[in-house]
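Sequence order for the protein chains is F and C. The first sequence lines up with residues 1 to 253 when you count with this note's numbering. The second sequence lines up with residues 1 to 245 when you count with this note's numbering.
Keep in mind that the hints were calculated from the coordinates and are not lab data. Since this is a predicted model, take the numbers as computed values, not measurements. Quick reminder that beta carbons are idealized off the backbone N, C-alpha and C, glycines included. You may find that some hints are simply not true.
What the hints assert, rightly or not - Cβ-Cβ distance ranges computed for the label pairs, FRET-style:
| id | chain 1 | residue 1 | chain 2 | residue 2 | range |
| --- | --- | --- | --- | --- | --- |
| 1 | C | M233 | F | S139 | 46 to 54 angstroms |
| 2 | C | V33 | F | E126 | 26 to 34 angstroms |
| 3 | F | H18 | C | I94 | 50 to 58 angstroms |
Claimed, not checked - Think about it this way: if two alpha-carbon atoms lie no more than 30 angstroms apart in a straight line, the pair counts; the simulated DSSO-like pairs of lysine-lysine are:
| id | chain 1 | residue 1 | chain 2 | residue 2 |
| --- | --- | --- | --- | --- |
| 4 | F | K157 | F | K223 |
| 5 | F | K45 | F | K71 |
| 6 | C | K23 | F | K157 |
| 7 | C | K98 | C | K23 |
| 8 | F | K45 | F | K14 |
| 9 | C | K23 | F | K71 |
| 10 | F | K45 | C | K23 |
| 11 | F | K5 | F | K157 |
| 12 | F | K157 | F | K248 |
Stated by the list, open to error - Which bits of chain F does chain C cover? Going by a derived footprint, with three or more residues having C-beta under 8 angstroms, they are:
| id | region |
| --- | --- |
| 13 | 47–56 |
| 14 | 101–111 |
| 15 | 115–125 |
What follows is the residue order along each chain.
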Amino acid sequence: MIRVKGVSKSFGDKEVLHGIHADFEAGQVNFIIGRSGSGKSVLTKCMVGLLEVDSGTVHYGQEDFTAMGQKERESIRLRIGMLFQGGALFDSMTVLENVEFPLRMFSEMSSEERRQRAMECLQRVELEGAEHRFPAEVSGGMQKRVALARAIAGRPKYLFCDEPNSGLDPQTAIVIDNLIRELTLEYGTTTVVISHDMNSVIEIGDNIHFLHNGSVAWRGDRKGILDSGVQELDTFVYASDLMRDIRKQLQGR
Amino acid sequence: MGLLFHIGRYFAFLGSALRRPQKGRVFIQSTLVELEAIGVQSIGIVALLSLFMGAVIAIQTAHQVSGWIPAYTIGFTVRQTMILEFAPTIIPVILSGKVGSNIASQIGTMQVTEQIDALEVMGVRSISYLVLPKLVAALFIFPFLVVISMVLGIGAGAWVCNTADLSSFADFKYGIQIDFRAFDVTYALIKTCVFALIIASVSAYHGFYTSGGAREVGRSSTKAVVYSVVIVMIANLVITQLLLT
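If we strip away everything but chain C, and leave its shape as in the complex, we get:
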């Protein structure tokens, strides 16, 4: 019953969030602020993780294939891993820890300090005002972050292959070009958009229904991350099954 209650309330919450903004100009300004908070402030961590993961995947693959499988396999594996799974799934999972907890704690703090009551009394539709800019910003910026991750990861793989003499640049380049299907990128971006919506909305939901004080805000923040990650994983399975089989 508890689960059904939360599912029902989540979709009602989402319905309220997706209502037309009361003031277009305020909505655009809020969305720009969220783009900075969700996107620009996440570029550093995304770049760092992608560079190291791309390099590590290249080294691990070289270690596995050395001697009996063509060297271009390293480039191929780095490309496929970055495009299909690391960038579109692991990066959003990491962002759910950074962005999701931030959204939940921000809205949760507003709830327990009566800031949301203040919005309601003024006549502001608080859910739409607070959540819609975050949804739009996440939906818009996550694909960019994921593309940055793909490029940096593959670039780091090429760099490490070259500097550690794991394979020639020509082999690596051949590997990232062989059997390339543009649909893989489309699939990655589709699931990135779905994950962006899940992370922003689930985190906002947990923040919005916080009651109590600082301890409950912390709990909501933790719940937001845990539930976002679990739902992202389930969605990942469903989308992969639907799009790749």
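One chain only, chain F, in its complex shape:
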């Protein structure tokens, strides 16, 4: 599991995170949700070490990630897979080379073993046949799946997904959601998904943290989110007419 304790982060005078406490459980799809600017991405970047926290700690299992030097952090990072919002695929490499990359850097596998593992991952995300294309030659949804395949290539213990469904059509979004859920169960990863897509939250969210103005305003599961009693969360969840109609129908029963 990943435990975030009292994490604060400021940029100049602006405090973006105020003493965040959160636990992200292993084998579950943990969500960090909130409006744009609520601090979701900053919290994630603090968790993976792309930003340094001002105060507080991030523990991976028993290990205090925030107290480690860059070299020690590398041992934790080898256990992390991350799906970035834009995919962040290396555009000079083919799809197969992208998926092979973490293995090429950090494993002692032979080129044949690497290729085999990369092909397994591509099959897992239903992308066999696209291995020799470049990222610019595949669709946005396929890029996300390639990025997911790359994230799981090293069999990570911790999987981060930043806005996995942004820019995708609803059907492709469901495919990505289901993949994240299946991979979490299959590998027993501690999966952290950053999103403001309520469909995904309702579909696959096990453990949900709602961020508002840099603090965790609510935490719970997908059943509780529809009737949280927290005004800011209700405003977030029922932002669309469709969701408001669903709520009325639920209340009418």
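Start from chain F and add chain C according to the hints.
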């Protein structure tokens, strides 16, 4: 303060770039790719410019010396100009426009599309992984390009003298042999290596610290070229003063 900040951050960046590669085989493969991108793909422009410059220097010198200075001066001037200044300084300056902007825009695009974040999260030391192969490739290939430039420039000067009847080949040959000091070539290659490091590292630095989007990548690319050229010119003065006086 801004200048000091950039100088400090540049040297810290250079320190990170010069760290031992995490995986030797990957480093060698990346360096080979960079050798092709920086060196092989630049041979055409280097050859073209050197041929024309050698020919033009020969014609201009012939025009200046005709009648009252020995004809071998043409060969001498072409040789000295190509070896001392055109090949080791002007060719790197031109390459800073081609190679430098390419390095800055490539790394800058990686930065704004989170590819560098992806490397970091994986545990890859992104600066060393991206920059060291470019530094090594530039350091290795620039001297070759400069020697090619010297040879082609002097050859073009000889050809134009012969075909335009500016001087005899024997005079030209005598001119390129007279008072030849091998140290001039050493000096040229030393400064070429320094310029190669400056161009590759300054361009990579500007690319790496790009933030924003496509417009900022373009700006970084422009800055990379401008700063590389300015620093190359300053270094040229310092090295010349140190080695030739």
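Going through the hints against the structure:
In this structure the supplied range 46 to 54 angstroms holds for M233(C) paired with S139(F), their Cβ-Cβ distance being about 48 angstroms. Between V33(C) and E126(F) the beta carbons are some 31 angstroms apart, a value that agrees with the proposed interval 26 to 34 angstroms. At roughly 53 angstroms, the beta carbons of H18(F) and I94(C) sit within the given window of 50 to 58 angstroms. Between the alpha carbons of K157(F) and K223(F) the distance comes to roughly 26 angstroms, so the proposed pair stays at or under 30 angstroms and holds.
For the suggested pair K45(F) and K71(F), the alpha carbons sit about 18 angstroms apart, so the restraint of at most 30 angstroms is met. Distance check on the hinted pair: K23(C) and K157(F) sit about 23 angstroms apart at the alpha-carbon level, within 30 angstroms; holds. Between K98(C) and K23(C) the alpha-carbon distance is near 29 angstroms, which keeps this suggested pair within the 30 angstroms criterion. For the hint pairing K45(F) with K14(F), the CA-to-CA distance comes to about 17 angstroms; that is within 30 angstroms, so the pair holds.
Of the pairs offered as hints, the one joining K23(C) and K71(F) holds, with about 15 angstroms between alpha carbons and a cut-off of 30 angstroms not exceeded. Between the alpha carbons of K45(F) and K23(C) the distance comes to roughly 26 angstroms, so the proposed pair stays at or under 30 angstroms and holds. Note on K5(F) and K157(F): the hinted pairing holds, with a Cα-Cα distance of about 20 angstroms set against a maximum of 30 angstroms. Between K157(F) and K248(F), the direct Cα distance comes to roughly 41 angstroms. Violation of the 30 angstroms bound is thereby established for this hinted pair.
Requiring three or more residues with a Cβ within less than 8 angstroms of a Cβ of chain C, the coverage given for the region 47–56 of chain F holds, as 3 such residues are present. Only when three residues or more bring their CB closer than 8 angstroms to a CB of chain C does the claim for the region 101–111 of chain F stand; here the count is 5, and the claim holds. Under the rule that three or more residues need a Cβ within less than 8 angstroms of chain C, the assignment of the region 115–125 of chain F is violated, with 0 such residues.
Taken one by one, the earlier hints fail for this structure at numbers 12, 15, listed in ascending order.
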